[in-house]
Amino acid sequence: MLGAVFLLLACQMAGEAVARVLALPVPGPVLGMVLLFVLLAARGAAMPAFRRDELGHLNGVSGTLLANFSLMFLPAGVGIIQQGHVLADNWLGLVVAIVVSSLVSLAVTGWVFLAVSRMLAR
Amino acid sequence: MNTLQTVRGGLGVVWVYLVPSPLLWLTVTVGAYALADRIAAALRRHPLANPLLMAIVMVAGLVVATGTPYADYFAGAQFVHVLLGPATVALAVPLWRSRKTVLRALIPLLAALVVGCVVSITSAVGIAWAFGAPRMVIASLAPKSVTTAISMGVAEAVGGNAALAATIVIITGIFGAIVGWPMLERLRVRDPAARGFAIGLAAHGMGTARCFQSDPMAGTFAGIAMGLNGMLTAFLVPVVLHLFGM
Numbered sequence: 252m253l254g255a256v257f258l259l260l261a262c263q264m265a266g267e268a269v270a271r272v273l274a275l276p277v278p279g280p281v282l283g284m285v286l287l288f289v290l291l292a293a294r295g296a297a298m299p300a301f302r303r304d305e306l307g308h309l310n311g312v313s314g315t316l317l318a319n320f321s322l323m324f325l326p327a328g329v330g331i332i333q334q335g336h337v338l339a340d341n342w343l344g345l346v347v348a349i350v351v352s353s354l355v356s357l358a359v360t361g362w363v364f365l366a367v368s369r370m371l372a373r
Numbered sequence: 084m085n086t087l088q089t090v091r092g093g094l095g096v097v098w099v100y101l102v103p104s105p106l107l108w109l110t111v112t113v114g115a116y117a118l119a120d121r122i123a124a125a126l127r128r129h130p131l132a133n134p135l136l137m138a139i140v141m142v143a144g145l146v147v148a149t150g151t152p153y154a155d156y157f158a159g160a161q162f163v164h165v166l167l168g169p170a171t172v173a174l175a176v177p178l179w180r181s182r183k184t185v186l187r188a189l190i191p192l193l194a195a196l197v198v199g200c201v202v203s204i205t206s207a208v209g210i211a212w213a214f215g216a217p218r219m220v221i222a223s224l225a226p227k228s229v230t231t232a233i234s235m236g237v238a239e240a241v242g243g244n245a246a247l248a249a250t251i252v253i254i255t256g257i258f259g260a261i262v263g264w265p266m267l268e269r270l271r272v273r274d275p276a277a278r279g280f281a282i283g284l285a286a287h288g289m290g291t292a293r294c295f296q297s298d299p300m301a302g303t304f305a306g307i308a309m310g311l312n313g314m315l316t317a318f319l320v321p322v323v324l325h326l327f328g329m
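Order-wise, the sequence lines are chains A and Z. Following the working numbering, the residues of the first sequence are numbered contiguously, the last one being 373. Following the working numbering, the residues of the second sequence are numbered contiguously, the last one being 329.
It is possible that some hints are incorrect.
Chain Z is faced by these chain A residues, among others (derived, beta-carbon under 10 Å) [as the list claims (entries may be wrong)]:
no., residue
1, Gly279
2, Leu317
3, Leu325
4, Asp340
Using 20 Å as the maximum straight-line C-alpha spacing, the simulated SDA-like pairs for lysine to any residue come out as follows [what the hints assert, rightly or not]:
no., chain 1, residue 1, chain 2, residue 2
5, Z, Lys183, Z, Met300
6, Z, Lys183, A, Val285
7, Z, Lys183, Z, Asp274
8, Z, Lys183, A, Gly307
9, Z, Lys183, A, Ala292
10, Z, Lys183, Z, Leu193
11, Z, Lys183, Z, Phe295
12, Z, Lys183, Z, Pro299
13, Z, Lys183, Z, Asp298
14, Z, Lys183, A, Phe288
15, Z, Lys183, A, Leu290
16, Z, Lys183, A, Val289
17, Z, Lys183, A, Ala293
18, Z, Lys183, A, Gly254
19, Z, Lys183, A, Leu306
20, Z, Lys183, Z, Pro275
21, Z, Lys183, A, Asn310
22, Z, Lys183, A, Arg294
23, Z, Lys183, A, Ser368
24, Z, Lys183, Z, Leu166
25, Z, Lys183, A, Leu291
FYI, nobody ran anything at the bench for these hints, they're computed from the structure. Glycine residues also receive a C-beta, built at the ideal position from the N, C-alpha and C atoms.
Just chain Z, with the same shape it has in the complex (with noise of 0.2 Å):
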């Protein structure tokens, strides 16, 4: 055998120990995200080049280019998964250590949380039904605001799908993102608790990052915003579907 018939031997051996093997995914997983967040370091954090986004084009990409089903896909992308539930879990804490702010402008704040939660999902639902979209659709737009993780879940328990609500979530905060604040300027909402907290409601984490570049009162209601509208919608998603008949 001359070199290169040994090579490619050698590939060969080593592409079928690791297809069945849950490393192959796993490794590509993580490091088309650390491919994708350096590049948006490098475009200098714009909305437009979110690193999860990238990092899903070019996954779905090789997954789709190399025939891999779906399921063989997750079983390696699982482990990071998995971890989804206790960084959920986690959001408690910077949501607890901010609640000396959350009290000094709780009534405002409180309002503006129940007002702008029921007109997210009630307008997102309407207009989605409007347009005859299916059940499962809606059911995975309705969480459209909130921070992934819970969009997620709370889309699969109302029977919606968890990519498709992970989608329209990304979709949501780039847009939230780009608009929101020259949006609420236009509107002369000038007040950073009331900008941020607006922002951190419609557009959940891309918005609250958005919020910091400008003004850290911003990002600091901007963020709590985000994990009081998460726990909210996960509680009136399923009674505005019910309202709705569904």
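Only chain A is shown next, with the shape it has when bound in the complex (with noise of 0.2 Å):
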């Protein structure tokens, strides 16, 4: 297990200094996750150290991160008590920014899905 969280925080370590080595105005985690995506889709040829066990205990520690994941953005979202006047001064453009970029994009994204399949049917 240790193995597992181990390779967790190596990928996020990377990822960061790669975001700063760069200066890349990406986050390091993000970064991180496609380290970590890489890493298992090479796993076979590059790693074979990498053994079923090791992936068993990736996917038990990943799964319970990713199911507390909510509640760890609980104390940056407390930050907003020092937003209040942003939002004061800006809700009406973030209001309407927010309902109608979500509707546009749910439209477009799921008419040009479907589109393309259709024409790859054909």
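Using the hints, build the complex out of the two chains.
In structure tokens, the structure reads:
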């Protein structure tokens, strides 16, 4: 299990390092996620030592973390108490942007998916 | 000293011990979420009864009522906050496990992902910009459709505010989870893969949870959309903000 925890932390650390060194405006953990995905895909050929039981541990640790994912947003979410004036000054623009942008994204994404599936089916 | 005074004195000692230690706000954070989650379960996971939103209201109320500075609250809550990083990395695991489903519908999926992601970011940024919102607000709004961990990281990386981004993401998720399914029904997007993908892209985990209630295939594609859109958004938000001259 510690191996799986180490793998997650090591991927995050590598992601943070790459983001800093290359001055990328992308969060380190996102790069860590990409790295872990690549490691999992390359596992068979490049990492024969990454055995089945270790993958099981990784599934377990990831499952536990993701099952409690929402809780982890609470500390940052409480920070909204420092943003009261920002919300008061910009609420109308924010509400219109959220509503309109959500409706348009839903429609466009669904339509493109359907249209391309039909084009390929022909 | 009578008993009452002893109890009062005891409570005072306990309070004096707890306030500077991180234990108090760490316990409150975990306890409030556990309570909010029970309330949400009792309300049959209605999208409006979002446990995170309820927990934020409870904890923020307590922090404000006790006159606690946010920095003091965070000194305790940071032990929960730190887990966000490894949990975000862990998103690669379910994504990797659904790789076969992704490969089967790869081309429509990638087309919908790229178009949907660009439309989602540019429309939100464009509207807020037209309303004259300051750059910090626009930067916090740009990643509104992706899972909170990624949106908070993206917002901070481009000059936004993590807490504002988290609030916007939760509101977007609640809205998309309520409106998405009936709206796509009316627009005749009835293929569960297409419908789930659209809802997952627009409303991240909350939309995904809503899809799983109706159709496992829609839920799976919503989860895939959430993961892929999170990654793509992290790379596209800086580009879109740059195009708007910000």
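Evaluation of the provided hints:
The interface hint given for A:Gly279 holds, since its Cβ lies 7 Å from the closest Cβ of chain Z, which is under the 10 Å cut-off. Given the 10 Å rule on beta carbons, the hint for A:Leu317 holds: about 6 Å separates it from the nearest Cβ of chain Z. Of the supplied interface hints, the one on A:Leu325 holds, with its beta-carbon coming within about 5 Å of a beta-carbon of chain Z, less than 10 Å. For A:Asp340, the interface hint holds, since its Cβ comes within 10 Å of a Cβ in chain Z; the closest pair sits about 8 Å apart.
Pair hint Z:Lys183 plus Z:Met300 holds up; C-alpha atoms about 13 Å apart against a cutoff of 20 Å. Of the pairs offered as hints, the one joining Z:Lys183 and A:Val285 holds, with about 17 Å between alpha carbons and a cut-off of 20 Å not exceeded. Only pairs whose Cα atoms come within 20 Å are accepted, and Z:Lys183 paired with Z:Asp274 is accepted, the gap being roughly 19 Å. This hinted pair checks out: Z:Lys183 and A:Gly307 have alpha carbons roughly 19 Å apart, not beyond 20 Å.
Distance hint between Z:Lys183 and A:Ala292 is fulfilled; the C-alpha atoms sit about 12 Å from each other, no more than 20 Å. As the CA atoms of Z:Lys183 and Z:Leu193 are separated by approximately 14 Å, the hinted pair is consistent with the 20 Å bound. The hinted pair formed by Z:Lys183 and Z:Phe295 meets the criterion: a straight-line CA distance of about 19 Å does not exceed 20 Å. Under the criterion of a C-alpha separation no larger than 20 Å, the hint pairing Z:Lys183 with Z:Pro299 is consistent with the structure, at around 16 Å.
Using a Cα cut-off of 20 Å, the hinted pair Z:Lys183 and Z:Asp298 holds, with the two alpha carbons roughly 19 Å apart. Distance hint between Z:Lys183 and A:Phe288 is fulfilled; the C-alpha atoms sit about 14 Å from each other, no more than 20 Å. This hinted pair checks out: Z:Lys183 and A:Leu290 have alpha carbons roughly 17 Å apart, not beyond 20 Å. The hinted pair formed by Z:Lys183 and A:Val289 meets the criterion: a straight-line CA distance of about 15 Å does not exceed 20 Å.
Distance check on the hinted pair: Z:Lys183 and A:Ala293 sit about 15 Å apart at the alpha-carbon level, within 20 Å; holds. With a CA separation close to 26 Å, the supplied pair Z:Lys183 and A:Gly254 exceeds the 20 Å bound. Taking the CA atoms of Z:Lys183 and A:Leu306, the gap is about 18 Å. The hint holds against a cut of 20 Å. For a cut-off of 20 Å, the pair hint linking Z:Lys183 to Z:Pro275 stands: about 17 Å separates their Cα positions.
Annotation: proposed proximity of Z:Lys183 to A:Asn310 holds, straight-line Cα distance about 17 Å (limit 20 Å). A threshold of 20 Å between alpha carbons decides the hint, and for Z:Lys183 with A:Arg294 the separation of about 16 Å falls inside it, so the pair holds. About 17 Å separates the Cα atoms of Z:Lys183 and A:Ser368, which keeps this hinted pair within 20 Å; it holds. Distance hint between Z:Lys183 and Z:Leu166 is unfulfilled; the C-alpha atoms sit about 29 Å from each other, more than 20 Å.
As the CA atoms of Z:Lys183 and A:Leu291 are separated by approximately 14 Å, the hinted pair is consistent with the 20 Å bound.
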